[in-house]
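Taken in order, these protein sequences are the chains called W and L. Numbering that gives the first Met the number 0 applies: residue 0 is where the first sequence begins, and numbers increase by one. Numbering that gives the first Met the number 0 applies: residue 0 is where the second sequence begins, and numbers increase by one.
Worth flagging that the hints you see were computed from the coordinates, not collected in a lab. Where hints are given, some of them may not hold.
[Said to hold, decoys possible] Calculated lysine-lysine pairs in the DSS-like style (CA-CA distance at most 27 angstroms, straight line):
#: 1; chain 1: W; residue 1: 81; chain 2: L; residue 2: 75
#: 2; chain 1: W; residue 1: 96; chain 2: W; residue 2: 84
#: 3; chain 1: L; residue 1: 24; chain 2: W; residue 2: 62
As the structure is a computational prediction, the values presented were derived from the model and not from experiment.
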Amino acid sequence: MSIENNINPATENNEESYLKVSLVNQSVFIRKKKACPLKDIPLNEINYTNLKLLGKFLTERGKIIPSRITNVEIKKQRAIAKAIKRARQLGLISPIKKELN
Amino acid sequence: MALYEAVFIARQDLTNEDVDALTNKFCKIITDGKGKIVNKEYWGLRSLAVKINKNSRGHYVMINIDANYPAVAELKRVIAYTEDVVRSAVFLVDKHHEETSLFVSSTAKEFKPNYSAKKQQGKYDLILEQFQFDS
Chain W
0 MSIENNINPA
10 TENNEESYLK
20 VSLVNQSVFI
30 RKKKACPLKD
40 IPLNEINYTN
50 LKLLGKFLTE
60 RGKIIPSRIT
70 NVEIKKQRAI
80 AKAIKRARQL
90 GLISPIKKEL
100 N
Chain L
0 MALYEAVFIA
10 RQDLTNEDVD
20 ALTNKFCKII
30 TDGKGKIVNK
40 EYWGLRSLAV
50 KINKNSRGHY
60 VMINIDANYP
70 AVAELKRVIA
80 YTEDVVRSAV
90 FLVDKHHEET
100 SLFVSSTAKE
110 FKPNYSAKKQ
120 QGKYDLILEQ
130 FQFDS
């Protein structure tokens, strides 16, 4: 039995979905690709003065959250990383936050 | 000609008049080097996230510059030996922003303490509130 027979033709045409095939279990998972959370925000808006936006992409300890968790597209992730580093240099964001206990 | 953004942090015990005098001094270096000052912004007396040279607060000033590099290099050199400046940075940018989100007033003399509280919500604030990443 080939794997291709299990694919629903409707999902094949849809650009937003993609297939993830696991060869270990011989089964097919169909997982929808998550949209970028910053798709409505222009690239120009991601800069070191926009502290409200940058704060969303930091952990509690002040580290940058990777894009595999946030699903931000690659161009914007690079812009975020650059902006956070600039803001840290100017004392707008602290580079590290210590635990309270 | 290229576009630059110069940001510097002045020491906390300077008065507002002193900060204006410093910015005018730096602007004159650019205009002497055949450059243009596009915009000036004062971000207020902000508290620093980390102590820099034993300072916990500082006056933030941003200058938008349209000039050739020799004038900017001269500005960097002068800032480096000015003792009233705690930290500074000059960035090369593609486009100047009309008004940044940290904007308080154009000069330190016109400083309004409660400006940021009265400020209206930004364009993209509603979108930003929607997502939250747990780590």
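Hinted pair, alpha-carbon criterion (27 angstroms max): residue 81(W), residue 75(L). Please report holds or violated. Status holds; Cα separation ~21 angstroms.
Is it true that the CA of residue 24(L) sits at most 27 angstroms from the CA of residue 62(W)? Distance ~38 angstroms between residue 24(L) and residue 62(W) Cα, so the pair is violated.
Straight-line alpha-carbon gap residue 96(W) to residue 84(W), limit 27 angstroms: OK: residue 96(W) and residue 84(W) at ~15 angstroms, within 27 angstroms.
Figure legend: structure checked against the earlier numbered hints; the only hint not met is number 3.
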